[in-house]
Amino acid sequence: MLDFSIVNIVCIVINLLVLYIIFKKFLFDRVDRVVMKRKEEVDEATRAADLATQKALDTKKEYEEKIALADEEKEQILADIKKQGYDEYERIVSDAKKKGEQIIIEAKHNAEVENERAKEVYAAQITDMVIDAATKIAATKHSATDDRELYDKFIIEAGADNE
Amino acid sequence: MDIKELLKEILLKDKALIHLPFGNGKFDIYESVVVTWIIMAFILVLLLILTRDFKVHNISKRQAAVEAFVSWLRGVVGKNLGEEASRYTDWIVTVLCYLACANTIGLFGFIPPTMDINVTAGLSFMSIILVEAAAIRKKGAAGWLKSFAKPMAIVTPMNVMELAIRPLSLCMRLFGNIIGATVIMELIKHLIHIHSVSVPAIYPVPFAFYFDIFDGLIQAYVFVFLTSLYIKEAVE
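Just so you know, the protein sequences line up as chains A and B, in that order. The first sequence maps to residues -12 to 150 in the working numbering. The second sequence maps to residues -10 to 225 in the working numbering.
Calculated directly from the structure, the hints in this document are not laboratory data.
From chain A, some residues computed to sit far from chain B (all C-beta separations above 10 Å):
no., residue
1, D30
2, E93
3, E144
Lysine to any residue pairs mimicking SDA-like chemistry, simulated, CA-CA at most 20 Å apart:
no., chain 1, residue 1, chain 2, residue 2
4, B, K4, B, G169
5, B, K44, A, E28
6, A, K11, B, L119
7, B, K(-3), A, D(-10)
8, A, K11, B, G64
9, B, K135, B, M150
10, B, K135, B, E121
11, B, K128, B, V149
12, A, K24, B, A57
13, A, K12, A, K24
14, A, K11, B, V34
15, A, K12, B, K44
16, B, K221, B, F114
17, B, K135, B, E222
18, A, K26, B, S60
19, B, K50, A, V18
20, A, K24, B, V55
21, A, K24, B, R41
22, B, K50, B, L37
23, A, K26, B, F43
24, B, K2, B, K15
25, A, K69, A, A57
26, B, K4, A, I(-7)
27, B, K44, A, V29
We put the CB at the ideal spot given by N, CA and C, even for glycine.
Using the sequences and the hints, build the whole thing.
So, in structure tokens, the structure goes:
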């Protein structure tokens, strides 16, 4: 029962090695090949997904930069517009002031001219009155007393008109 | 036939099945070797059928089951081997499958090859070669020799003795368990045969489940578990 046979032990060892080769070739290698291919596909898909994610992140960053730039531009444009508006406002107000002053000057000038004209008209009326008075005196031979009365009357009338 | 004769027949019968002429004499090929060839042929055919038309996508249920089974077996064995000795997983799985078939082949009327001490000796020899080869590969020849003096120089003789004790214990444990189970089953069958009138034929079934299947599988697992532990210890 316990007799050892070297030949049979060697046979068993060879059998085990052959069995290992059978398992390796017809089971492990076949399973590993399929699993490896599947793993490669998964790795490839993961790599592609990583690449796409990276690309998306880059694009997002780019857009964010562009948006930031656009915000700056918007601020600049708004500032420019505000400045332009303020300048325009200043110009309009300044023009209005100038025009107003011009109108006032012109009005003053017109008033002066009108005043001069009125004075001239008044002087002409006085002249006419003097002529008229002289004519009347010349026509009626008045005494010195009459003349003095006439002059006084004239002066009073002239003063009343001036007031 | 009494029990004594039965035991003689089981334990002392001529194991030689094939007599090959060699020089002036001959050498015998034992029945265990021939049954091993039958197991190998069965496994080869089974693998050819199971692993036919393996695909990467749209796999069949058969392929899914095979992949899951291989993965599970590698997981069970790899857990005992550890990370550093994972390269030896396939060999251990091969031995486990062979032992599972060899220990349970008694169900089909064959004599289990592991009932022959030459088979368990061959298995143990391969195991210890693998353990020491793993140690030499990991530590180098000098490191392997130095490892005999660890943890202390005084234990060196015991460590050297372990070179023989480990395979001997593996060999004897498997051989003893399988021959014990076979003897018990033969005795039960003999008793049933003697008392066939009063005992229903179904009585040996639970015993067959235990001794032919459960015990066979447990012993297969114990053998590869211990081998895995030795390899793990050798590469640490």
